[in-house]
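> Those sequence lines, one after another, are chains A and B. First residue of the first sequence? That's 1272 in my numbering, and the numbers climb one at a time after it. First residue of the second sequence? That's 1272 in my numbering, and the numbers climb one at a time after it.
All clues stand as given, with none of them false.
It does not matter which identical chain is used: a pair holds within one copy or between any two.
Using 30 Å as the maximum straight-line C-alpha spacing, the simulated DSBU-like pairs for lysine-lysine come out as follows: (1) Lys-1330 x Lys-1412; (2) Lys-1410 x Lys-1273; (3) Lys-1327 x Lys-1673; (4) Lys-1295 x Lys-1658; (5) Lys-1412 x Lys-1319; (6) Lys-1658 x Lys-1312; (7) Lys-1295 x Lys-1673; (8) Lys-1295 x Lys-1604; (9) Lys-1319 x Lys-1364; (10) Lys-1412 x Lys-1327.
Derived by calculation from the structure, the hints in this document are not laboratory data. All of these numbers come straight from a predicted model, not from anything done at the bench.
2 protein chains.
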Amino acid sequence: MKDLNKLFYPESVAVIGASENILKWGSIIISNILDGGFEGKVFPVSTKNDIVYGRKASKTLKEIGEPVDLLIITTPANTVMGILRECVETGIKNVLIVSSGFSEAGEDGKSLENEMRDFALDNGINIIGPNTMGMANFKTKFLGMNPFVRLNPGGISLMAQSGNVGNQIMYWAEQQSIGMSKFVGSGNEAVLMCEDYLDYFNRDEDTSVIIMYIEGVDNGRSFMEAARRTTRRKPIVVLKGGRTDIGSKAAMSHTGSMAGSIRIFASAMEQSGVSLVETQAEMLTLASAFDAMPLPKGNRIGVVTLGGGWGVITADECEERGLVLPPLPGNVKDRLGQMLPSFWSKGNPVDLVGQPDPNLFRESIEAMISSDAYDAVILLGVINAFKTVLRFYSASVRLGKKSEINLDQLEHQLDRMQNVFLDDISKLMDTYDKPIYPVALISQTDQPIVYWPKENRKYGAMIFKTPEEAVSCLAKQYRYSQYLQRHGRE
Amino acid sequence: MKDLNKLFYPESVAVIGASENILKWGSIIISNILDGGFEGKVFPVSTKNDIVYGRKASKTLKEIGEPVDLLIITTPANTVMGILRECVETGIKNVLIVSSGFSEAGEDGKSLENEMRDFALDNGINIIGPNTMGMANFKTKFLGMNPFVRLNPGGISLMAQSGNVGNQIMYWAEQQSIGMSKFVGSGNEAVLMCEDYLDYFNRDEDTSVIIMYIEGVDNGRSFMEAARRTTRRKPIVVLKGGRTDIGSKAAMSHTGSMAGSIRIFASAMEQSGVSLVETQAEMLTLASAFDAMPLPKGNRIGVVTLGGGWGVITADECEERGLVLPPLPGNVKDRLGQMLPSFWSKGNPVDLVGQPDPNLFRESIEAMISSDAYDAVILLGVINAFKTVLRFYSASVRLGKKSEINLDQLEHQLDRMQNVFLDDISKLMDTYDKPIYPVALISQTDQPIVYWPKENRKYGAMIFKTPEEAVSCLAKQYRYSQYLQRHGRE
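For reference, chain A alone in the conformation it holds in the complex:
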């Protein structure tokens, strides 16, 4: 297996084609690295510019005169072979090639790519790309890539065969405060292929969940073996592009890869314990759930809801995805009956009939999650319900009602109440080692998708936007859990 540690944890980087023209790759990449907080050495290389963002640029690689862990090339395709020869002379072993104009651009590009690949293999040079938007390590704040996102360090590592797809996923991660470990856009995969990244992420201790956007795999067997080695240790989530004939054609003209039959691919992935998703958004949500929550050990679900309609929607989604809603055992029914109004539903879903009282919710959740009858609990409508109270209150103040507490204080109090509630959910997951899926009454798009407790606990509390999202995640986590039960966790 290839040693990619220096590639993903470089301590010094050079950028060829460095410039201050903000729309050029040579500016985008180096300004992102310099502005992103990377603490290693950064060397601009340019034949045109003497100074780039306040740093003296070298004319050649030799001129740098210091070791370079990673070289990033942004100059045109026809400059690449010459630069690789300089790499051999200066001992550079890791190269990222942003430049396009290779196999994706026709026959000439294809032969250039072959020449480059042979040269790299002969000389032991690792190459990311060509035709990639770059790579990042969010722990060391090394952002050698296009999207100017500033993510917290987290457990999710992403490999994308399309830079734009990776781009969009990282922007979404930023919006939802999802932490990530690493990103790599694999580009044309002339040298390093998707299975190499998979093997690396498997061994990487900072990676707990791997997500991949894949259009095609050149060596299906070796990818599947890498996947099998990995899934016994950590979950892999894959979105496959090129699922259909026309999608495959589009993929061929994009990265030149053979997309292959989705049926064969899907069944091979399933046999390898990989979780397949249908959309980019689902990929990120499922990865966050794998990262933050315990796995459900079975498919028996308890539902607690603020209102009937959601209970119905959730029950439908559960049945459609192979989950069951067992009736309430006698002891759970008794425990709930002591708290709830006499006309409560007495069934699962437990309907709290419009009472967004966090204590009632907490007690109901614990009554179900502590019972042997349930493997997971879905919780509908209490998250962000506090926010509605703020609206009731501010309207009443506008209408002249006098009150001792001001709006800011109330908002602060309600936020605190909600955080205490989320904290309790994380605590319950720790105590019973079962997952709880809270769905927000009002999805707030600027809200972190995971509440991580301040105290040292294993699990964070997620906030799902819709019942469908929660159930879909739960069903896929359950499936992975079954895989581990059959094949053993490493």
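Given chain A's structure and the hints, the job is docking chain B onto it.
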């Protein structure tokens, strides 16, 4: 058919059980009406409180001494029959009952509901509910309901058999600046049933699209007939709760309705030209698309993309939903070839290989949308791509680059550029009467989902969050368009 005009456009309203206790229905409803900007008369009625939000409360309905177009009841179930008798005495014909404790709460509640229904039918009283979160008219700013949302007037009217589902949908509409016409939570449907609301929305000139969350329909034939009458005039979008056995059971304990088989329901809906959706989020997006855009006349789709990966994902989604991506006709290829770099894809999807130049996009869209070969165009990755430029720029400024233009100015300029671009899309839809589906590079969650042009034009430009969302909408609009072609538009 019932005349519900006064019910949906009341000029005077009384609220029984009015109070200033912000967590009680008697406060929630009246404070929402008073704070929402309603210009009609509002009469609080309370046996306990003399003054409610600065207004003198009457003890009884008679004491009001003026006509009441709509009465809202928030007091317990056992007070309702007495109040209805007062309605007969005072000539009140429209009543909304928030109170629960009727058929959803067991046998006693069931007989109370029957008694109430017979009394209402005998005396010609329209009743919304019981067990409802209320209703609203966003044009007259009459917000007789729980959610404190402030929506712009628009063409979408919503009926929900679950208040919480309606609640969540309206909060989402607010977040995305989606305008609505009316909302009604139908509750237990003791008197007014979902087909009555459907018939009313059909005739209502302020309603252009109808969306419904339905758990069960008591009289399937009459609902289907109402749907058929309506879909030849305006689209109906339905989300069905209780699609499965356990979902149906949950629905029965929720509203007491028989959910029925989803297969029969779905096929009946399809025969009636109704668009079925799977999720609440999809319901709102599809309704916005019906409201803002022309219908596609066929299924031949052109795709223009900033990057290959999205093109692949989009091609897959199209094929999976019965849409086709015809190759570029010679004249379109020539026109595009004059603008694009020599190594462009020369196929559909047209890949603009990372150049977010709005002029290039505009020209490419027009080349395709003006061609007889295409019925609709999907546009990937240019919307909000301007925002990434802002990040490049601000990093370069932080790194010491000098510039004449400040960040606010640049942001303003880029926003203006984007609005001009969206305006052009709306203009192209007007010119060619074909829909265009822009998908954002970075979905911004606080961004209005529809750009409505300032000039007087028929169509607004939508912004979709993902390729999947755009294609799913397109496929359903196409299906509705086929229905109209077969059955004729009225």
